[in-house]
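Protein chains in written order, with our numbering: chain D, 599 to 1044; chain P, 599 to 1044.
Keep in mind the hints are simulated off the structure, nothing from the lab. These numbers come from a predicted model, not from an experiment. Check the hints yourself; a few may be wrong.
For chains that are exact copies, the list does not tell them apart, and a pair is met inside one copy or across any two.
To be verified - Taking lysine to any residue pairs in the SDA-like style, the calculated list, with each CA pair at most 25 Å apart, reads: (1) K794 with L994; (2) K876 with G830; (3) K978 with I918; (4) K1034 with E825.
Number of protein chains: 2
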Amino acid sequence: MEKLKVEHSSELEDLACYGFDASGLSGMPALVAWPKSADEVSQVLKYAYEKDMVIVPRGAGTGMTAGAVPPEGAVILSTEKLNRILEVDPDNLNAVVEPGVINGEFQRVLAGRGYFYPPDPASLEFCTLGGNVAENAGGPRALKYGVTRDYVMQLEAVLPDGRMITTGVKTHKGVVGYDLTRLLVGSEGTLAVVTKIRLRFLPMPEDVTTLLAFFGDVEAAGRAVSEIIASGILPRTLEFMDRECIKAVEKFKPTGLPTMIEALLLIELDGYPEVIRKEAEQVLGICRNWRAKCEVAADEEARVRLWESRRAISPALYNISPTKINEDIVVPRSRLAEMLAALKRLSKDSGIPIVNFGHAGDGNIHVNIMADKRDKEKFKMGQEIVGEMFKRVLELGGTISGEHGVGLTKAEYIGMEIGEAELGLMRNIKKVFDPKGLLNPGKIFK
Amino acid sequence: MEKLKVEHSSELEDLACYGFDASGLSGMPALVAWPKSADEVSQVLKYAYEKDMVIVPRGAGTGMTAGAVPPEGAVILSTEKLNRILEVDPDNLNAVVEPGVINGEFQRVLAGRGYFYPPDPASLEFCTLGGNVAENAGGPRALKYGVTRDYVMQLEAVLPDGRMITTGVKTHKGVVGYDLTRLLVGSEGTLAVVTKIRLRFLPMPEDVTTLLAFFGDVEAAGRAVSEIIASGILPRTLEFMDRECIKAVEKFKPTGLPTMIEALLLIELDGYPEVIRKEAEQVLGICRNWRAKCEVAADEEARVRLWESRRAISPALYNISPTKINEDIVVPRSRLAEMLAALKRLSKDSGIPIVNFGHAGDGNIHVNIMADKRDKEKFKMGQEIVGEMFKRVLELGGTISGEHGVGLTKAEYIGMEIGEAELGLMRNIKKVFDPKGLLNPGKIFK
């Protein structure tokens, strides 16, 4: 075996760059390894296993729950240099990529050949496909097209002791043995380090239409969402912004949205032009029935303009409060209005603004509790709101995370959603893969 | 806790009814339990756990790989009396069922309300939804709509020691903890006994069109399949029959199929009428380009007639040989023609007829090696063909089972497809759920 190729970073500031993610938390690693092949990943893990060193796999660090934040003294295993698209197979509509490939880059390569990879997390220009697999990433198009899990056919991965495994099949179907592939998807880098991913892709839809609907009350917007889905139409996106969110965006970057409305839906339909036209009319009919004012993008330029407000949300919220508590709850679609009402009450009672947007079709709300970390008392109140909110989410039949995962930041809440027997199974599965507990310890389970 | 309600079956012939499945193998159970609630399932399992008794969960016994065949002296846990549809939620497009509900019955209940449950294994009039979950059942519509795994949102299940667990979420998305739901789907009743299933369903498509295409050579049929999919059209079914299969069907029940052709594709498109018309023209164009003769069903009656030959396959093959070796291999769609050529060679070399049909769009072929069990020598040759065939399947990047699972009949071959490290993980996962090895032992792993 050739000599272990690990580049050392001795400068503290360089190391610090590998210690944080989008959660706002951070830790200082002892070392960063940038393997360039699966074999090198295996060597790094084997070495660490023998020396009982903690390993934290890391994509681009865009995670929201500190999944890639290392405990003090850990080795960061960065997938940055595992960034090749190894195969694009148009006959079987799948591709093999290394985990460090950027989601947006993969989408562009496919688009250039007339194909389409649906999962589109907001961070798609930065986040890696390996990170997407670890977190089972979604995005606005998940309503129609599902999440990362639905596109992963096969994984090559390295176990904590350095042994390589391959899971899943190259084919459309396969039922031989337990589904290790879907066990690894969403396991937040705690079971194995993924080194190759075979992803399904689709032919590019022929056309897209974008609609905007403004609602006078949140309840009406929620009812419209349910009615659209129940009618048999599956928009590719059905995004939601509440009044506070619209106000924040208009303050940051005025795009002419009416700020006196209570809710906005951004709806996108794709497919054959004649179908889109028909569906768009039905969707407009439903929204107008719920007293919404609607706008249709006449061309690509108008489409981009309609998306501007959606894309401005993150910087706009940052502008209001550089740090905030950001959660990604999900409730059954039909309970969306109730959940939003509960959030409004929590905001009113605490005096802390709560800004909501998200994927209404999925019942997935990005809740932003605008409590600045620097204001200790307010931040503590914000954290109390989180607990209250999760309680309500679970009462409504929801889940505390639709996209971000548990990581460190939600580990203390996992027991609210998952029972002791189920957590016991998960912990024991973790032990099957990682008996020494060296791979990304402390994540998911406290 | 109330007294354990288990009905005993003392008559041997009654017991024998619970000892076989569609694989042709059988075993004699010691006892059959028919629990009527999840709580009773838990009591049965707890009792068996304490007494170290082997339990084999059983749906309708339509499995093809002996997954429900008991080892001598086991207790059969039948889900027959857990047969209620507990909830149908049109707002969130999902339903909760008990495992003993018949697939076809569930489909009819939904159809009556304008909804649609895609997974449609050939045995749908008999097989249970619990069995479908255990085997991750597919069916002709899997090409467009996926398999059982893609519809299971949540499971309630009982662990071998009697503890109840709930996995998954009621929502469209959820990423909290490991994906126990998909670990249970396809685990062939070896990890836990499912007692409730929350299944996603869809609005009924507006219309369906059925086409039949006759090809002069298998290669051309294979190329047409790839081209249809690559064109962006996703038929809901794309079924295949080879010459031997067509001949068998015509002999059994003449429907006027031309028996001199080499392959037949039965193609079904669903969706909006205007889209189906457009897609049907494209599909016909592609097939004719590969020199196929085509037929379009003009109305519902003609549709039913076109399906008659497909539905007649099983009785027709039974007519030729009451016992046969039945496998369900899958290869990447683009390798279909190569696989069929390999099967032709195997048949020619051995002198044993091999009849093929299946889900061409998925690359999933049902291979019927017509070796009667009563002819010992021929049957042994047939089994040798299986090994050769699996070897070729794996060389082509395929899998040895797309729908039937491993059970007992493929357990000896699992090592050809799955490596030692991966099998080790699976065996240890089995131990996490079933440390005493009492639940359906000997299945999947030898």
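Here is what the structure says about each hint:
1. With identical chains, the CA atoms of K794 and L994 are at most 25 Å apart between copies only, with a shortest distance of 19 Å across copies and 38 Å within one.
2. In this homomeric assembly, K876 and G830 come within 25 Å of each other (Cα to Cα) both inside a single copy, at 12 Å, and across copies, at 20 Å.
3. For a Cα distance limit of 25 Å, the shortest separation of K978 from I918 inside one copy, 18 Å, qualifies, whereas the shortest one across copies, 76 Å, does not.
4. In this homomeric assembly, K1034 and E825 never come within 25 Å of each other (Cα to Cα): the closest approach is 51 Å inside a single copy and 49 Å across copies.
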